[in-house]
Amino acid sequence: MSQDIEKKEFNITIYTENQVGLLNRIAIIFTRRKINIDSLNTSPSEVDSIHRFNIVITESEEVVRKLTRQIEKQVEVLKVYYNTNEDIIWQELALYKVSTDVIAEKVSVERLLRENGARAVVIRKDYTVFETTGHREETDNLISILQPYGLIEFVRSARVAIIKNSEGFNTKLREFEQLQPGEEVMENEYLNKGQKVFTM
Amino acid sequence: MEVAQQEIETKPAQETVNITGSAAVLEALIAEGTDTIFGYPGGAIMPIYDALYDYNDRLNHILVRHEQGGIHAGQGYARTSGKVGVVFATSGPGATNLITGLADAQIDSTPLVCVTGQVFAHLLGTDAFQETDVINITTPVTKWNYQVTDANEIPEVMAKAFYIAKSGRPGPVLIDITKNAQIQLFDYKGYTPCNHIRSYRPKPIVRPQYIQEAADLINKAEKPFVLFGQGVLLGKAEAEFKAFVEKAGVPSAWTILGAGAIPTEHPLNVGMLGMHGNYGPNVLTNECDVLIAIGMRFDDRVTGRLDKYAKQAKVIHLDIDPAEIDKNVKSTVPVWGDCKETLPLLTALVEEKQHIEWLARFNDYTRQEVEAVIHNELNPTTDEMTMGEVLKELNALTNGDAVIVTDVGQHQMVACRYARFNQTRSNVTSGGLGTMGFALPAAIGAKYGAQDRTVVAIIGDGGFQMTCQELGTIMQSGVDVKIIILNNHFLGMVRQWQELFNQRRYSFVDIESPDFVALAAAYRIPGKSISERTDLQGALKEMLSTEGSFLLEVNVTKENNVFPMVPQGCSVSEIRLK
Numbered sequence: 001m002s003q004d005i006e007k008k009e010f011n012i013t014i015y016t017e018n019q020v021g022l023l024n025r026i027a028i029i030f031t032r033r034k035i036n037i038d039s040l041n042t043s044p045s046e047v048d049s050i051h052r053f054n055i056v057i058t059e060s061e062e063v064v065r066k067l068t069r070q071i072e073k074q075v076e077v078l079k080v081y082y083n084t085n086e087d088i089i090w091q092e093l094a095l096y097k098v099s100t101d102v103i104a105e106k107v108s109v110e111r112l113l114r115e116n117g118a119r120a121v122v123i124r125k126d127y128t129v130f131e132t133t134g135h136r137e138e139t140d141n142l143i144s145i146l147q148p149y150g151l152i153e154f155v156r157s158a159r160v161a162i163i164k165n166s167e168g169f170n171t172k173l174r175e176f177e178q179l180q181p182g183e184e185v186m187e188n189e190y191l192n193k194g195q196k197v198f199t200m
Numbered sequence: 001m002e003v004a005q006q007e008i009e010t011k012p013a014q015e016t017v018n019i020t021g022s023a024a025v026l027e028a029l030i031a032e033g034t035d036t037i038f039g040y041p042g043g044a045i046m047p048i049y050d051a052l053y054d055y056n057d058r059l060n061h062i063l064v065r066h067e068q069g070g071i072h073a074g075q076g077y078a079r080t081s082g083k084v085g086v087v088f089a090t091s092g093p094g095a096t097n098l099i100t101g102l103a104d105a106q107i108d109s110t111p112l113v114c115v116t117g118q119v120f121a122h123l124l125g126t127d128a129f130q131e132t133d134v135i136n137i138t139t140p141v142t143k144w145n146y147q148v149t150d151a152n153e154i155p156e157v158m159a160k161a162f163y164i165a166k167s168g169r170p171g172p173v174l175i176d177i178t179k180n181a182q183i184q185l186f187d188y189k190g191y192t193p194c195n196h197i198r199s200y201r202p203k204p205i206v207r208p209q210y211i212q213e214a215a216d217l218i219n220k221a222e223k224p225f226v227l228f229g230q231g232v233l234l235g236k237a238e239a240e241f242k243a244f245v246e247k248a249g250v251p252s253a254w255t256i257l258g259a260g261a262i263p264t265e266h267p268l269n270v271g272m273l274g275m276h277g278n279y280g281p282n283v284l285t286n287e288c289d290v291l292i293a294i295g296m297r298f299d300d301r302v303t304g305r306l307d308k309y310a311k312q313a314k315v316i317h318l319d320i321d322p323a324e325i326d327k328n329v330k331s332t333v334p335v336w337g338d339c340k341e342t343l344p345l346l347t348a349l350v351e352e353k354q355h356i357e358w359l360a361r362f363n364d365y366t367r368q369e370v371e372a373v374i375h376n377e378l379n380p381t382t383d384e385m386t387m388g389e390v391l392k393e394l395n396a397l398t399n400g401d402a403v404i405v406t407d408v409g410q411h412q413m414v415a416c417r418y419a420r421f422n423q424t425r426s427n428v429t430s431g432g433l434g435t436m437g438f439a440l441p442a443a444i445g446a447k448y449g450a451q452d453r454t455v456v457a458i459i460g461d462g463g464f465q466m467t468c469q470e471l472g473t474i475m476q477s478g479v480d481v482k483i484i485i486l487n488n489h490f491l492g493m494v495r496q497w498q499e500l501f502n503q504r505r506y507s508f509v510d511i512e513s514p515d516f517v518a519l520a521a522a523y524r525i526p527g528k529s530i531s532e533r534t535d536l537q538g539a540l541k542e543m544l545s546t547e548g549s550f551l552l553e554v555n556v557t558k559e560n561n562v563f564p565m566v567p568q569g570c571s572v573s574e575i576r577l578k
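Protein chains in written order, with my numbering: chain F, 1 to 200; chain Y, 1 to 578.
Keep in mind the hints are simulated off the structure, nothing from the lab.
None of these values were measured; they are calculated from a predicted model.
The reader is advised that the hints may include incorrect statements.
To be verified - Derived DSS-like pairs: lysine-lysine, alpha-carbon spacing no greater than 25 Å straight-line:
#1 K558/Y to K392/Y
#2 K73/F to K330/Y
#3 K66/F to K392/Y
#4 K327/Y to K73/F
#5 K73/F to K236/Y
#6 K528/Y to K66/F
#7 K327/Y to K66/F
#8 K558/Y to K73/F
#9 K8/F to K327/Y
#10 K34/F to K327/Y
#11 K203/Y to K330/Y
#12 K73/F to K541/Y
#13 K66/F to K330/Y
#14 K8/F to K166/Y
#15 K236/Y to K83/Y
#16 K34/F to K330/Y
#17 K340/Y to K73/F
#18 K308/Y to K73/F
#19 K66/F to K203/Y
#20 K327/Y to K7/F
#21 K166/Y to K66/F
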């Protein structure tokens, strides 16, 4: 039934406690439904001891909505949002390792850098590492340019994304605290930082 | 149980107020009001068992015969007492034997705290003796789990474990404690119960506008219909629920885990939902104009085909778990919240009504079902006994006051259909997971959870043989459990499906059984086996009047089917009476 419904890329943003095993708990929610994760990034957020996951999957909105509720059910998950690509600003980081000799001899490095918004991160005698950030098409583009010149190694990060009209998380967290003030609420300092926590 | 030779580094106790991690676990249990633990010792949990030796006067430990029995007992205890069941198991096989019970408790929202021993922290990940990755194995089947490697963590983690297990939508929690943490001495500052976790929101916010919208729908409804589930019992909202249905005058049907939330004989109780539920509630689901689901999750055994389920109805769904709302059936008005809070708000806004004609429709269907199915099931004319008449006789003798614990299969459906429940927390069964082998150990736990009540386990010949070693637990603990084996010499439910859908290709459903009475006798449990109707009442009386446990085998007709039935993949209104 759901196969006919249009699938598209969704970005799932998850705020969690920093807890061993939580990645597995979250991953299971996808694997048990046989949903492939296209991209997964996790790192500490701007709030101390809170991590932020960014997960990209291709699915129907109906499925994504249910998934986010299941993820939000996990004890250590604070809040989950899902967004389409139109709702977010996102970037991927790519590193390209190429032979310094070849590049110096055959490529107009300056043009290469300008046209692709790239920058050299490391320049050694044997190789040079370039870096670009951007959408998949943009980072792909530089691969196709460098490939003929002996691309030695390439790596790309998972997607990181920021929600365009987000003010949500800090407000939500305040809601959490107001609902059930506990005796030992820790790590509460950031609440006083107001907008600073979630400005764009 | 083989115990590995481990080199235990023991340091002399420092001259402080230190206690061991093991003692801290037991202190936590006492502080949380635990009185009974079900468990099985082994190498990696020996320090906790050693500490338990000194706590014998405050904590009652029941030695089970298998960890699966232990956790089902914990579930039975939790279900009848409304408290958190506590289970101990050792590492490796001990812990993996808990998986079935964890999965069962997870799907049936049963509050449990399981404590498993684990190998020394420095051995983690080395494939040490009896090491398994318990945290990862149990992640999909626990509400929360945590591995403790330092005794200092224990008080806080135990407090969190209990808070998570029992709050919001309850569930099983597993705490895996490495052996070094169990023997480690640490500065114990006392036990502080947990009442808040930053990232955890057990109850969603109640939104008054949805309560209002729900009340408006109910007030305008001509054919409203309530479906209630275990959420009513878990929320301890039986009184609030009764007040609501009585004021709104709405016919109400139950899922099997909701059975007993209002008495079976209540005039607005119109029966059981689902695959083997009653005729009226199933058919009229597709005729009602407003469907009010309370603390139930539209399981596929209840709904049948979703695309043909209550399409004509506006759906109001009350649930504490936001993830349940719109999961299977799209709701018109979602009422997030604990039904103990939301139901009184709703009751205040609904008009006092009696839907006499609508209720009469249910009664019409009941009459049809009685004629086609129930009468024959309860008053058979053949020589052989039916499962239903055993229940009828049992109802008469217990007045519906007993706790009925059932296993899984035909007898379960018959018991749930025909058992009378006058009290809440009387029906203990494996609903969502359908775990054969559940009933015998769960009944042991159920008795500890409701010591002043009669506990009757009703089990099939197949399921009984999955966990019959727990007769040993009954023998040793002296617990009073009445066991009825409804023996049809078949794996009856599978056979029923094979008959109806696989052209009677009876593939491996013919099961031979031991002499159950002799087996019970080997465990010093009295018993009786009957095959004649004339013996039934006397045997049941003997069972109920015997002090302590008793096993009664009733040989029932072999090829009886449970009807009505909504065949798999069919709509609820396609329910078959034969």
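Going through the hints against the structure:
1. K558/Y to K392/Y: The given pair, whose Cα atoms are some 19 Å apart, holds under the 25 Å limit.
2. K73/F to K330/Y: Distance of about 19 Å is within 25 Å: holds.
3. K66/F to K392/Y: With a Cα-Cα distance of about 43 Å, the restraint between K66/F and K392/Y is violated, given a limit of 25 Å.
4. K327/Y to K73/F: holds (13 Å)
5. K73/F to K236/Y: The hint holds at about 22 Å.
6. K528/Y to K66/F: The given pair, whose Cα atoms are some 52 Å apart, is violated under the 25 Å limit.
7. K327/Y to K66/F: With Cα atoms ~7 Å apart, K327/Y and K66/F stay inside 25 Å; holds.
8. K558/Y to K73/F: violated (45 Å)
9. K8/F to K327/Y: Between K8/F and K327/Y the Cα gap is close to 20 Å, so the pair holds against 25 Å.
10. K34/F to K327/Y: holds (17 Å)
11. K203/Y to K330/Y: holds (21 Å)
12. K73/F to K541/Y: violated (48 Å)
13. K66/F to K330/Y: holds (12 Å)
14. K8/F to K166/Y: violated (38 Å)
15. K236/Y to K83/Y: holds (11 Å)
16. K34/F to K330/Y: Status holds; Cα separation ~23 Å.
17. K340/Y to K73/F: OK: K340/Y and K73/F at ~20 Å, within 25 Å.
18. K308/Y to K73/F: Cα-Cα ~29 Å, so violated.
19. K66/F to K203/Y: The given pair, whose Cα atoms are some 18 Å apart, holds under the 25 Å limit.
20. K327/Y to K7/F: holds (18 Å)
21. K166/Y to K66/F: The hint holds at about 24 Å.
When the structure is compared with the earlier hints, violations turn up for hints 3, 6, 8, 12, 14, 18 and for no others.
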